[in-house]
Amino acid sequence: QQQVKQSPQSLIVQKGGISIINCAYENTAFDYFPWYQQFPGKGPALLIAIRPDVSEKKEGRFTISFNKSAKQFSLHIMDSQPGDSATYFCAARESNFNKFYFGSGTKLNVKP
Amino acid sequence: NAGVTQTPKFQVLKTGQSMTLQCAQDMNHEYMSWYRQDPGMGLRLIHYSVGAGITDQGEVPNGYNVSRSTTEDFPLRLLSAAPSQTSVYFCASSYPSTGGGEQYFGPGTRLTVT
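The listed protein sequences derive, respectively, from chains A and B.
This note's numbering applies: residue 10 is where the first sequence begins, and numbers increase by one.
This note's numbering applies: residue 4 is where the second sequence begins, and numbers increase by one.
Okay, chain A solo, but in the shape it has when bound:
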């Protein structure tokens, strides 16, 4: 049973458009929610992260929206660029054990 559910599995967006990826969780012991970006043949790299006491965090074109009551969080990529084409993973950390659980990933393709 996957602890973090991610959707959609794949996403095609035109250059300049907005990419939105959603994640949901159940475990209230999660205390840190990072998003990772992975290019083919590479390891994941941290993109942006949020704590549950904050409802939104923005870094450049990337924004996390967090809804604690609904146990949902999402990644918004504004003005999407072809260079953003990658696989994106949401994750959640179980604080007591520093264990991370990952979503199943979203493959984003930004068309020029």
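Just so you know, these hints were derived from the structure itself, not from any lab.
Zero decoy hints are in this set.
Here are some of the chain B residues that sit facing chain A, going by a computed Cβ distance under 8 Å: (1) 43; (2) 44; (3) 51; (4) 53; (5) 61; (6) 104; (7) 105; (8) 109.
Small disclaimer: the values here were computed from a predicted structure and weren't measured.
Even for Gly, the Cβ is constructed at its ideal location relative to N, Cα and C.
Add chain B to chain A, keeping to what the hints say.
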């Protein structure tokens, strides 16, 4: 800093063989983890360690063994390889942080078991 390094990059094993995937980090991170990545499954935690001499199981530990004798190294042992262990394996490290804790990932080892 080399960051997190993994060897080998690619490996082909026959069913029943054993091998060790190597992972090392030079950032003096206390926490280290092993994940496997399979299509449509994301990354799943195999084993993790919160410091030298301390390891624990993750979501999918069966068939794998770990030890942590130094802060820098965290090898993953496959005891008797099975085709179900065909996957891409990532090692990650991070520092303890109550507010977060960015994980740094290695480049991965692509393992095929025939």
